[in-house]
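Engineer: Sequence:
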Amino acid sequence: MGKIIFIVLLAAVVAVAVTAAAAARSNPRKIRPAIGGGVFAVVVVASVLFISLTQVRQSTIGVVTTFGHIEKDTLTEGLHVLNPVSNVHEVFVGVAVAKVEKAQAASKDLQSVHTDLTMNYRVDPSRVRALYAMAPSLTYESDYIQPAMFEVFKAVVSRYTAEQLVTERQLVSQDILSALVTKLRPYGFLIQDINITAFAFSEAFDQAIEAKVTASQKAEQAERELQRVKFEADQKIAQAEGEAKAIAIQAQAIKTNGGDDYLRLQAINRWDGKLPTYLSPHTPLPFLGMAAQGDASK
70 MGKIIFIVLL AAVVAVAVTA AAAARSNPRK IRPAIGGGVF AVVVVASVLF ISLTQVRQST
130 IGVVTTFGHI EKDTLTEGLH VLNPVSNVHE VFVGVAVAKV EKAQAASKDL QSVHTDLTMN
190 YRVDPSRVRA LYAMAPSLTY ESDYIQPAMF EVFKAVVSRY TAEQLVTERQ LVSQDILSAL
250 VTKLRPYGFL IQDINITAFA FSEAFDQAIE AKVTASQKAE QAERELQRVK FEADQKIAQA
310 EGEAKAIAIQ AQAIKTNGGD DYLRLQAINR WDGKLPTYLS PHTPLPFLGM AAQGDASK
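In case it helps, the numbering used here puts the sequence shown at residues 70 to 367.
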């Protein structure tokens, strides 16, 4: 349509110029009126041409409507010549961000859960006309995308327990993304990724989790203490058994090596060579008395 209008206007300008030139040649007195008429015609044509020009901004596609009717052809970014009575509605096809704050749902074990969702998406360029027909006000984010994010979040969270939402967060995010892709693709939205902030639970649940963690830590500490006591007891038993075995071996050695004579030999081996500084009457000298007793026994 724009090309046709441009050609018609150009033809009109050429026709006016040719007519003015012919009139000037046939009657020189009509040169001024002809020139004036030609200038006026050029101004009118230029004004119409200027009104017909429209520019589509970067990262958008223009949907053209004429008296409410959606034209078949859309406009890419750049300058275009348009029917003066037509309107252009720009639809952004770059990456957009949809946010949902404090989305709330109930987990599988009926715990209240809330979080913030941020989703990156694009409008499918091939579906721009259909999208405009569906949402002429172009408020599709608040009318379609955000409600879908709320709905999918509630549906997915209800399949997990509160503990699983924390321990399997990556899997939860993948399930939400997959569900949003399936739900929004028929409307012409291309979902790229979704980000979920940390899940928040009720105060009572947080306290229960804290108590559970504390109890688990205490149980682990008690188990470690029990293992330590058991280890020390095993060490003492092993030490006692070793000492008893050593005593038995020593007793057997004494018995085998002559009894009293063996004891006297052990005493001699351990003597440091010093005599006592004071002896009571009739007290034999060390080892001499032992020798005498030994001779007597012989």
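These are calculated hints, taken from the structure and not from any lab test.
Honestly, I wouldn't trust all of these hints.
As a list, the in silico PhoX-like pairs of lysine-lysine whose alpha-carbon atoms are at most 25 Å apart [to be verified]:
no. : residue 1 : residue 2
1   : 177       : 141
2   : 314       : 281
3   : 287       : 299
4   : 281       : 252
5   : 287       : 177
6   : 252       : 177
7   : 171       : 252
8   : 177       : 223
9   : 281       : 305
10  : 168       : 252
Engineer: Indicate, hint by hint, whether the structure satisfies it.
Structural biologist: Each hint, compared with the structure:
1. Restraint check: the Cα-Cα separation between residue 177 and residue 141 comes to about 49 Å, which exceeds 25 Å; the hinted pair is violated.
2. For the given pair, residue 314 sits about 49 Å from residue 281 by alpha-carbon distance, which is inconsistent with the 25 Å threshold.
3. Our distance criterion of 25 Å between C-alpha atoms is met by residue 287 and residue 299, whose separation comes to about 18 Å.
4. Distance check on the hinted pair: residue 281 and residue 252 sit about 39 Å apart at the alpha-carbon level, beyond 25 Å; violated.
5. Proximity of residue 287 to residue 177 is assessed by CA-CA distance (about 29 Å); at most 25 Å being required, the pair is judged violated.
6. Taking the CA atoms of residue 252 and residue 177, the gap is near 22 Å; set against the 25 Å cutoff, the hint holds.
7. For the proposed pair residue 171 and residue 252, the alpha carbon gap of about 21 Å is at most 25 Å, so the pair holds.
8. Distance hint between residue 177 and residue 223 is fulfilled; the C-alpha atoms sit about 11 Å from each other, no more than 25 Å.
9. At most 25 Å may separate the alpha-carbon atoms for a hinted pair to count; residue 281 and residue 305 exceed this at roughly 36 Å.
10. Taking the CA atoms of residue 168 and residue 252, the gap is about 17 Å. The hint holds against a cut of 25 Å.
Checked against the numbered hints given earlier, the structure breaks hints 1, 2, 4, 5 and 9 and satisfies all the rest.
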